[in-house]
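Sequence order for the protein chains is A and B.
Numbering that gives the first Met the number 0 puts the first residue of the first sequence at 0, with every later residue one more than the last.
Numbering that gives the first Met the number 0 puts the first residue of the second sequence at 0, with every later residue one more than the last.
These aren't lab readings, by the way, just hints derived from the structure by calculation.
These figures come from a predicted structure and were not determined experimentally.
Incorrect hints may appear among the rest.
[Unchecked claim] Under the rule of at most 30 Å between Cα atoms (straight-line distance), these lysine-lysine pairs were calculated in the DSS-like manner:
| no. | chain 1 | residue 1 | chain 2 | residue 2 |
| --- | --- | --- | --- | --- |
| 1 | A | Lys254 | A | Lys177 |
| 2 | B | Lys35 | A | Lys247 |
| 3 | B | Lys129 | A | Lys230 |
| 4 | B | Lys186 | B | Lys129 |
[Said to hold, decoys possible] Not the full set, but computed from the structure, chain B residues with beta-carbon under 8 Å of chain A:
| no. | residue |
| --- | --- |
| 5 | Met34 |
| 6 | Lys35 |
| 7 | Asp41 |
| 8 | Tyr42 |
| 9 | Pro44 |
| 10 | Arg61 |
| 11 | Trp63 |
| 12 | Gln64 |
| 13 | Tyr88 |
| 14 | Asn91 |
| 15 | Leu92 |
[Said to hold, decoys possible] Derived DEER-like restraints, expressed as beta-carbon distance ranges:
| no. | chain 1 | residue 1 | chain 2 | residue 2 | range |
| --- | --- | --- | --- | --- | --- |
| 16 | B | Pro119 | A | Arg65 | 40 to 46 Å |
| 17 | B | Gly66 | A | Phe209 | 19 to 25 Å |
| 18 | A | Gly242 | B | Gln107 | 43 to 49 Å |
| 19 | A | Glu235 | B | Val21 | 46 to 52 Å |
| 20 | B | Val21 | A | Arg168 | 30 to 36 Å |
| 21 | A | Ala234 | B | Tyr245 | 51 to 57 Å |
| 22 | B | Lys48 | A | Arg166 | 32 to 38 Å |
| 23 | B | Gly66 | A | Thr73 | 56 to 62 Å |
| 24 | A | Asp323 | B | Asp12 | 47 to 53 Å |
| 25 | A | Arg65 | B | Gln250 | 56 to 62 Å |
Every residue, glycine too, gets a C-beta built ideally from N, C-alpha and C.
Each chain, written out:
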Amino acid sequence: MNDTVLIIGAGPTGLSAAAGAAAVGKRVVLVEKENKLGGAPILSGYAKLVPSGEWAKDAIGRMVKRVEDDSRVTIHKGAKVSRLDGDFGNFTATLSNGQTVNAGAVILATGFTHFDSINKPEWGFGTYEDVVTTTQVEQMVGAGKIACPSDGRTPERVCILLCVGSRDRQIGREWCSKICCTVSTNLAMEIKELSPKTDVYIYYMDIRTFGLYEDKFYWRAQEEFHTKFVKARIAEVTKAPDGRLLVKGEDTLVKRPIVIPFDLVVHAIGMDPNLDNPEIAKVFGVELEHHGFLQRGEHYTATFSTTRRGIYVGGSALAPEDIDTCIAHGLGMAVRAVGDLTSAAQKAA
Amino acid sequence: MAIHEKSLISPGDLITTEKLVVDGVDVSGHWNTMMKPRYISDYDPDFYKIIQSYPGGENVHRCWQCGSCTNSCTMYAINSDFNPRYWIYLTNLGMKDEILKDRDIIWQCVSCNKCTNICPKDVKPEGVMKALQHWMEDEGHVGKSSATLFDEEFTRQCLARGRIEDTEVIHNFFTKTGQDLMQLIRKGWLGIMVARMNKWPLLREGRIGAFLARMPIAGPLRMGLAMVFKPRTKSWGRTGEVLRQYVEERQAKAGTIKTGINRA
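Kindly generate the complete structure, drawing on both the sequences and the hints.
The structure is reproduced here in structure tokens:
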């Protein structure tokens, strides 16, 4: 019986799971398909994280360093699992780099894929340079300058459209991505900090800054940074003759059509199931739920289980999730994997 | 003329001309009615700051449109066009034209303050209603309210003489609000009020001397004399002038707030 824990994905969930399993003395093999550890916050260049306000490169950087410095953790970068044989207690994974890994349990921390706004063409992404996504604005904040990509000017007026690729049956996204409201209100404040003369408008259906994100992000953006919240679902984004973007829609509270000029339009993009999920399901022999995220097993007594024994799943591979929760899921999965391996070993003895 | 959803068109947005020529083509008659676009084409992002500068409007930017104010509103129960939530939204986005469409309704607020008590974001909607009223007055969108005219007269006398003369305040207030004083005495409440100041039971008991002695004569006489001689408070001197200067300085510092002091 092998008690090594194989962890797939080195984002916040996988890094937390690796640190957790190593902390209780297990050997860990961490497999990351990219050549860099850290997951979406690092690969997409997030600026300050919610709710801590810490820079992603610092906060996630600490998580990476903790795992890299741990002698019990073996890391494979730029590698995927291409084949998994065996069962709980005796898995053998074949990696794309040709190596094999023997492990007793597998943790899937495979995360999500950002919604590609090109799938919502009426909102102008891919057509107009000054229509960008929240991840692009995160990168602008990281670089310390908010500018229109078309000509580099500082926008007088920015609008953030919520629920782009979320809560939209038309394009098969029948879920709330949970964190975009909070991220958007946070970005609205960061834009205002970098460019105090810029007015920021948020177009919303509902504001879902859940839990303690309510006053820290929603109220603060509104009360201290004077972000304007407009209850309107947008029909289309077009361009005015003067080059500014025109946001067309209906203000549902005024019951009137609106055609408002903006310099920069930001899509608050949602969280899609990882594009690799069909492949992951096939390789690991687990099921997907109907949206395309990984299917979880019985939750109350077999938390973070998949539909296959010995394989665990958590974080944003399960559903849209915020970073803090992902980190908690990582630790939870470490406990589940190590716990199951320990009790199986006790039974065998 | 059958126009679908005609109720959504403001009367001011319809333009009808007897004779209309477009690009050299006479389209008078059937095609003589034009409609202005009814979409909203821009916001005034700083308008809320003007409303915030009035007492009561300070927290207007906090509103998140829950609708507690409107659903608790005394006036909304009577007139569903009276919608504080809606006006607060228009204020925050700076849709002045939309607010002005309701210029004849907003003043109906009875200041019961149920909205202020229930508001989860401490917006003080009642104060916002007052702020909107004052803004509309100051911008000349509506005539001066009776309350403002009273304040102006009261302040004017205070500054001029360090005191007010009731008769003069009432007289000038009635004149400015277009109320006929003589009519109010002869047929209105003023006559009744003065008549009730007499001790009529004394007259009924036949005590004519006592009745005459209690007739309100000395007071009105003093008031009448004060109307003519306009006495000032002792040692008033330049106090009024200094007071006015002080208030103006404070207002200049505070921003754009306008009150009876400036207008008086």
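Against the structure, the hints:
1. Lys254(A) with Lys177(A): holds, 27 Å
2. Lys35(B) with Lys247(A): holds, 17 Å
3. Lys129(B) with Lys230(A): holds, 25 Å
4. Lys186(B) with Lys129(B): Violated, because 33 Å separates the two Cα atoms, which is more than 30 Å.
5. Met34: Check failed: Cβ of methionine 34(B) comes no nearer than 13 Å to chain A, outside 8 Å.
6. Lys35: Status violated, d = 13 Å.
7. Asp41: holds, 6 Å
8. Tyr42: holds, 7 Å
9. Pro44: Proline 44(B) check passes; min Cβ-Cβ to chain A is 5 Å, inside 8 Å.
10. Arg61: Where the cut-off is 8 Å and the nearest Cβ of chain A is about 5 Å from arginine 61(B), the hint holds.
11. Trp63: This hint holds: tryptophan 63(B) lies near chain A, its Cβ roughly 7 Å from the closest one there, short of 8 Å.
12. Gln64: For glutamine 64(B), the interface hint holds, since the closest Cβ of chain A sits about 6 Å away, which is under 8 Å.
13. Tyr88: This interface hint holds because 5 Å falls under the 8 Å limit.
14. Asn91: At about 6 Å, which falls below the 8 Å cut-off, the nearest Cβ of chain A leaves the hint on asparagine 91(B) intact, so it holds.
15. Leu92: Cβ of leucine 92(B) sits 6 Å from chain A, so the hint holds.
16. Pro119(B) with Arg65(A): 40 to 46 Å: holds, 42 Å
17. Gly66(B) with Phe209(A): 19 to 25 Å: Hint holds: Cβ distance 21 Å, inside 19 to 25 Å.
18. Gly242(A) with Gln107(B): 43 to 49 Å: For glycine 242(A) and glutamine 107(B) the Cβ distance comes to about 45 Å; the hint holds.
19. Glu235(A) with Val21(B): 46 to 52 Å: violated, 29 Å
20. Val21(B) with Arg168(A): 30 to 36 Å: Violated, at about 44 Å.
21. Ala234(A) with Tyr245(B): 51 to 57 Å: holds, 55 Å
22. Lys48(B) with Arg166(A): 32 to 38 Å: holds, 34 Å
23. Gly66(B) with Thr73(A): 56 to 62 Å: The hinted range 56 to 62 Å holds for glycine 66(B) and threonine 73(A), with Cβ atoms some 58 Å apart.
24. Asp323(A) with Asp12(B): 47 to 53 Å: Distance hint for aspartate 323(A), aspartate 12(B) holds at roughly 51 Å.
25. Arg65(A) with Gln250(B): 56 to 62 Å: holds, 60 Å
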